[in-house]
Amino acid sequence: MTVREIAAEAYRETIPVLVLSAIGGLFAGLVLVGMEAELAAVPGLLVLVPALLATRGNVYGSLGARLGSALHQGVIEPTLGFGDERLNAAIAAALANGILVSGFAAVLGVVVLRVLGSESAGLATLVAISLLAGLLSGLLLTVAVVTVVVVGYRRGLNPDTLAGPVVTTTGDVVGIATMLVAARIVLAVGGG
Amino acid sequence: MVEGSAEWSVSAIVRTMLPLLCVLTAIELVSGLVLESFEATLLAAPSLLLLVPVTIGMGGNLGSVLAARLSTALHLGLLSFSPTDDRLAGNAVATIGLSLTVFPLVGAGAWGLTAFVGETGLTLGTVVLIALLSGLVLSVLAVVVTVVTTYAAYRYRLDPDDVVVPVVTNVCDVLGVLVLFGVYRVVA
Numbered sequence: 000m001t002v003r004e005i006a007a008e009a010y011r012e013t014i015p016v017l018v019l020s021a022i023g024g025l026f027a028g029l030v031l032v033g034m035e036a037e038l039a040a041v042p043g044l045l046v047l048v049p050a051l052l053a054t055r056g057n058v059y060g061s062l063g064a065r066l067g068s069a070l071h072q073g074v075i076e077p078t079l080g081f082g083d084e085r086l087n088a089a090i091a092a093a094l095a096n097g098i099l100v101s102g103f104a105a106v107l108g109v110v111v112l113r114v115l116g117s118e119s120a121g122l123a124t125l126v127a128i129s130l131l132a133g134l135l136s137g138l139l140l141t142v143a144v145v146t147v148v149v150v151g152y153r154r155g156l157n158p159d160t161l162a163g164p165v166v167t168t169t170g171d172v173v174g175i176a177t178m179l180v181a182a183r184i185v186l187a188v189g190g191g
Numbered sequence: 000m001v002e003g004s005a006e007w008s009v010s011a012i013v014r015t016m017l018p019l020l021c022v023l024t025a026i027e028l029v030s031g032l033v034l035e036s037f038e039a040t041l042l043a044a045p046s047l048l049l050l051v052p053v054t055i056g057m058g059g060n061l062g063s064v065l066a067a068r069l070s071t072a073l074h075l076g077l078l079s080f081s082p083t084d085d086r087l088a089g090n091a092v093a094t095i096g097l098s099l100t101v102f103p104l105v106g107a108g109a110w111g112l113t114a115f116v117g118e119t120g121l122t123l124g125t126v127v128l129i130a131l132l133s134g135l136v137l138s139v140l141a142v143v144v145t146v147v148t149t150y151a152a153y154r155y156r157l158d159p160d161d162v163v164v165p166v167v168t169n170v171c172d173v174l175g176v177l178v179l180f181g182v183y184r185v186v187a
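Residue numbers (numbering that gives the first Met the number 0), protein chains in the order written: chain A, 0 to 191; chain B, 0 to 187.
If you're looking for bench data, these hints aren't it; they were derived computationally from the structure.
From the three backbone atoms N, C-alpha and C, an ideal C-beta is built for every residue, glycine too.
Some clues are possibly wrong.
What the hints assert, rightly or not - So the derived list for chain B, only partly shown, Cβ under 8 Å to chain A, looks like this:
hint	residue
1	7
2	56
3	131
From just these sequences and the hints, can you work out the full model?
So this is what it looks like as structure tokens:
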């Protein structure tokens, strides 16, 4: 194949996923713009945005990849409804990872902001928002990833090519929307 | 990956992934600190704020798709790390082409959505120009980061799927924020 043919093939295969994820990213940005009041009320929240978004992609993208390989190899059963022990373990581990890393991001973020002498909300406020956002986004993304991968597999689609686009398009929107909801809940409860 | 039952216990999965996730989180906090330092600018120009997640996401996507393609080509023995390698050149050209296609649309979309809900803070032309230039610079950087990381994984005999994709995705995320603000400062 010539350089031109290789480039054309790579372009054709990738453009649909990129366009889908661009649309997801734009809507995530729209939610972020709607979050201005919370960003102003909780100094330091903006610092956590890239870390929490990346965590959603890293954790639930890896869950999707793991389930895709396992379905191909017959290691897990394509069932919805908590009947498969390995599937349950993979889900529990993804949720644990997602929540633990969200908490870690908040603690590390506050420490770095304090060291730099920047303004930041209290440690408890940011950790509470981060953990709550981690839990909510984890539940939503787990349902999305498991459903799409399992249902897709049953219908004869390749789960490897399904999981990636699902996580990239929904991950950012769900990631930011759950940060917004978590910030509102924590501020309402009086953590601000 | 070995798929024995031991690898499917909750604690084994957490133990394998958590250290890498914490390192990646530390890398991502760098881009968070850059965002924070521009908070006043972002709040005054909502179309720029709207561009943040999509720029971060596209940077990571361009890098991870290229990384996955190069890793597969490497596994299949189709790739050699030489500047004259056709597969390397073709994929690099495709990455830049994809970026130049999608980013102007993203810029127009960002301006349109902000205009729909309120003040944009910047003109349509400025937002499209910022998105286009950010996409161009970001895709070139994504190619460099991906090729260097894939080469390093190959040299040190690490599985490119396990190492390259997470590293490239998160490094490109950080570069996305840096490039967006660099371009904004030059253009606006």
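Hints the structure fails to honour:
3
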